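Asks: Chains as they are written, first to last, in this note's numbering: chain S, 1 to 114; chain C, 1001 to 1114.
Calculated from the structure, these hints are not laboratory results. Quick caveat, the model's predicted, so the values are computed rather than measured. Each residue gets a CB set at the ideal place from its N, CA and C atoms; glycine is no exception. Honestly, I wouldn't trust all of these hints.
[Stated by the list, open to error] A few chain C residues that don't get close to chain S, going by computed Cβ distances all over 12 angstroms:
no.: 1; residue: P1008
no.: 2; residue: S1042
no.: 3; residue: T1044
no.: 4; residue: E1054
no.: 5; residue: T1056
no.: 6; residue: V1062
no.: 7; residue: I1063
no.: 8; residue: K1065
no.: 9; residue: F1066
no.: 10; residue: P1067
no.: 11; residue: D1087
no.: 12; residue: Q1103
no.: 13; residue: G1108
no.: 14; residue: V1113
[Said to hold, decoys possible] Straight line, CA to CA, 20 angstroms or less: simulated SDA-like cross-link-like pairs of lysine to any residue:
no.: 15; chain 1: S; residue 1: K101; chain 2: C; residue 2: T1048
no.: 16; chain 1: S; residue 1: K42; chain 2: C; residue 2: S1059
no.: 17; chain 1: S; residue 1: K101; chain 2: C; residue 2: L1111
no.: 18; chain 1: S; residue 1: K42; chain 2: C; residue 2: Q1024
no.: 19; chain 1: S; residue 1: K49; chain 2: C; residue 2: D1011
no.: 20; chain 1: S; residue 1: K42; chain 2: C; residue 2: I1063
no.: 21; chain 1: S; residue 1: K42; chain 2: C; residue 2: Q1037
no.: 22; chain 1: S; residue 1: K101; chain 2: S; residue 2: P40
no.: 23; chain 1: C; residue 1: K1065; chain 2: C; residue 2: I1012
no.: 24; chain 1: C; residue 1: K1007; chain 2: S; residue 2: E64
no.: 25; chain 1: S; residue 1: K42; chain 2: C; residue 2: S1001
no.: 26; chain 1: S; residue 1: K49; chain 2: C; residue 2: S1001
no.: 27; chain 1: S; residue 1: K42; chain 2: C; residue 2: R1110
no.: 28; chain 1: S; residue 1: K42; chain 2: C; residue 2: S1042
no.: 29; chain 1: S; residue 1: K42; chain 2: C; residue 2: P1039
no.: 30; chain 1: S; residue 1: K42; chain 2: C; residue 2: E1054
no.: 31; chain 1: C; residue 1: K1007; chain 2: C; residue 2: T1020
no.: 32; chain 1: S; residue 1: K101; chain 2: C; residue 2: S1001
no.: 33; chain 1: S; residue 1: K101; chain 2: C; residue 2: I1012
no.: 34; chain 1: S; residue 1: K101; chain 2: C; residue 2: E1086
no.: 35; chain 1: S; residue 1: K42; chain 2: C; residue 2: L1073
no.: 36; chain 1: S; residue 1: K49; chain 2: S; residue 2: E64
no.: 37; chain 1: S; residue 1: K42; chain 2: C; residue 2: A1002
no.: 38; chain 1: S; residue 1: K42; chain 2: C; residue 2: R1036
no.: 39; chain 1: S; residue 1: K49; chain 2: C; residue 2: M1031
no.: 40; chain 1: S; residue 1: K42; chain 2: C; residue 2: L1111
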Amino acid sequence: AQSVTQLDSHVSVSEGTPVLLRCNYSSSYSPSLFWYVQHPNKGLQLLLKYTSAATLVKGINGFEAEFKKSETSFHLTKPSAHMSDAAEYFCVVSVTGTASKLTFGTGTRLQVTL
Amino acid sequence: SAVISQKPSRDICQRGTSLTIQCQVDSQVTMMFWYRQQPGQSLTLIATANQGSEATYESGFVIDKFPISRPNLTFSTLTVSNMSPEDSSIYLCSVGYGGDYEQYFGPGTRLTVT
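Bound conformation, chain S alone:
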């Protein structure tokens, strides 16, 4: 079975400061990992993905994530938060070799203050 745990349900940062959203995964096989963002009343957008290539993955809007197998983690970071980053972020796992069954974390709400 596969699962993801998002360690913080809510994160608040000041504009211009770094962002860290934490995610740990559990998977019996080589996982594919994703971060999705959901802005209020909007659909889900894929931020970035890890699929067993480079462990440091760069995504859109300045976000990146590092796959650490020894720590079973896939934390999302951004050097400098912008007001437009305020949204709900989901860490998602899929097991490579299966029929694209995605398992979503519970989400982290990012608040960005002035």
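Position chain C relative to chain S; hints supplied.
Replies: Structure of chain C alone, referenced to chain S:
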């Protein structure tokens, strides 16, 4: 990535009635999925919509309650039958592409049952 549309975007329905949600993709895709996002919650996979065969349902979801059609490679419908207030959720369709297993999501249908 694909362009995915859903109809209706939102609806308010009375308990005991049924609502059919449509999902249209601008290109042919093998895999389509339906998810439910209950208020303030993460996404839960309802079923995988298979073209030319019965949908594959996840634990806790049954065909009588959530019948799905997939008549071709660009279109699918999800019906929410005999609705109750507990069915109030956002329903999202997604499409998946081969190797990397990421999925792209439609804008969602916000359903309120009174």
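Asks: All hints are to be evaluated individually against the structure, with a verdict given for each.
Replies: Against the structure, the hints come out as follows:
1. Annotated as non-interface, P1008 of chain C keeps its C-beta farther than 12 angstroms from every C-beta of chain S; the closest such distance is 15 angstroms.
2. Non-interface status of S1042 of chain C relative to chain S is broken: a Cβ of that chain comes within 12 angstroms, the nearest being about 5 angstroms off.
3. A Cβ of chain S approaches the Cβ of T1044 of chain C within 12 angstroms, the least distance being about 8 angstroms, so the stated non-interface status is violated.
4. Under the 12 angstroms C-beta cut-off, the non-interface status given to E1054 of chain C relative to chain S holds; the minimum distance is some 15 angstroms.
5. Its closest Cβ contact with chain S, about 9 angstroms, brings T1056 of chain C to no more than 12 angstroms, contrary to its assignment away from the interface.
6. With a least CB separation of 18 angstroms from chain S, V1062 of chain C remains clear of the 12 angstroms interface cut-off, as annotated.
7. No Cβ of chain S comes within 12 angstroms of the Cβ of I1063 of chain C; the nearest lies about 18 angstroms off, and the non-interface call holds.
8. Listed as a non-interface residue, K1065 of chain C keeps its Cβ farther than 12 angstroms from every Cβ of chain S; the least gap is roughly 20 angstroms.
9. F1066 of chain C, annotated as away from the interface, keeps every beta carbon of chain S farther than 12 angstroms; the closest lies near 17 angstroms.
10. Taking the minimum C-beta to C-beta distance to chain S, about 21 angstroms, the non-interface status of P1067 of chain C holds against the 12 angstroms cut.
11. Under the 12 angstroms C-beta cut-off, the non-interface status given to D1087 of chain C relative to chain S holds; the minimum distance is some 19 angstroms.
12. Against chain S, the non-interface label of Q1103 of chain C is violated: not every CB pair exceeds 12 angstroms, the least being about 6 angstroms.
13. Listed as a non-interface residue, G1108 of chain C fails to keep its Cβ farther than 12 angstroms from every Cβ of chain S; the least gap is roughly 6 angstroms.
14. V1113 of chain C, annotated as away from the interface, keeps every beta carbon of chain S farther than 12 angstroms; the closest lies near 19 angstroms.
15. For the given pair, K101 of chain S sits about 9 angstroms from T1048 of chain C by alpha-carbon distance, which is consistent with the 20 angstroms threshold.
16. Between K42 of chain S and S1059 of chain C the alpha-carbon distance is near 27 angstroms, which puts this suggested pair outside the 20 angstroms criterion.
17. A distance of roughly 24 angstroms separates the Cα atoms of K101 of chain S and L1111 of chain C; the hinted pair therefore is violated under the 20 angstroms criterion.
18. As the CA atoms of K42 of chain S and Q1024 of chain C are separated by approximately 17 angstroms, the hinted pair is consistent with the 20 angstroms bound.
19. With a C-alpha separation of about 33 angstroms, the suggested pairing of K49 of chain S with D1011 of chain C is violated against the 20 angstroms cut-off.
20. Pair hint K42 of chain S plus I1063 of chain C does not hold up; C-alpha atoms about 28 angstroms apart against a cutoff of 20 angstroms.
21. Under the criterion of a C-alpha separation no larger than 20 angstroms, the hint pairing K42 of chain S with Q1037 of chain C is consistent with the structure, at around 13 angstroms.
22. Distance check on the hinted pair: K101 of chain S and P40 of chain S sit about 25 angstroms apart at the alpha-carbon level, beyond 20 angstroms; violated.
23. About 18 angstroms separates the Cα atoms of K1065 of chain C and I1012 of chain C, which keeps this hinted pair within 20 angstroms; it holds.
24. This hinted pair does not check out: K1007 of chain C and E64 of chain S have alpha carbons roughly 34 angstroms apart, beyond 20 angstroms.
25. For the hint pairing K42 of chain S with S1001 of chain C, the CA-to-CA distance comes to about 17 angstroms; that is within 20 angstroms, so the pair holds.
26. A threshold of 20 angstroms between alpha carbons decides the hint, and for K49 of chain S with S1001 of chain C the separation of about 14 angstroms falls inside it, so the pair holds.
27. The hinted pair formed by K42 of chain S and R1110 of chain C meets the criterion: a straight-line CA distance of about 11 angstroms does not exceed 20 angstroms.
28. Annotation: proposed proximity of K42 of chain S to S1042 of chain C holds, straight-line Cα distance about 14 angstroms (limit 20 angstroms).
29. Our distance criterion of 20 angstroms between C-alpha atoms is met by K42 of chain S and P1039 of chain C, whose separation comes to about 14 angstroms.
30. A distance of roughly 30 angstroms separates the Cα atoms of K42 of chain S and E1054 of chain C; the hinted pair therefore is violated under the 20 angstroms criterion.
31. The straight-line distance between the Cα atoms of K1007 of chain C and T1020 of chain C is roughly 9 angstroms, inside the 20 angstroms bound, and the hint therefore holds.
32. The straight-line distance between the Cα atoms of K101 of chain S and S1001 of chain C is roughly 18 angstroms, inside the 20 angstroms bound, and the hint therefore holds.
33. Proximity of K101 of chain S to I1012 of chain C is assessed by CA-CA distance (about 30 angstroms); at most 20 angstroms being required, the pair is judged violated.
34. Restraint check: the Cα-Cα separation between K101 of chain S and E1086 of chain C comes to about 25 angstroms, which exceeds 20 angstroms; the hinted pair is violated.
35. With a CA separation close to 25 angstroms, the supplied pair K42 of chain S and L1073 of chain C exceeds the 20 angstroms bound.
36. For the proposed pair K49 of chain S and E64 of chain S, the alpha carbon gap of about 9 angstroms is at most 20 angstroms, so the pair holds.
37. For the hint pairing K42 of chain S with A1002 of chain C, the CA-to-CA distance comes to about 16 angstroms; that is within 20 angstroms, so the pair holds.
38. Taking the CA atoms of K42 of chain S and R1036 of chain C, the gap is near 15 angstroms; set against the 20 angstroms cutoff, the hint holds.
39. Restraint check: the Cα-Cα separation between K49 of chain S and M1031 of chain C comes to about 19 angstroms, which is no more than 20 angstroms; the hinted pair holds.
40. Of the supplied pair hints, the one linking K42 of chain S and L1111 of chain C holds, its CA atoms being roughly 15 angstroms apart against a limit of 20 angstroms.
Of the numbered hints given earlier, the model fails hints 2, 3, 5, 12, 13, 16, 17, 19, 20, 22, 24, 30, 33, 34, 35; all others are met.
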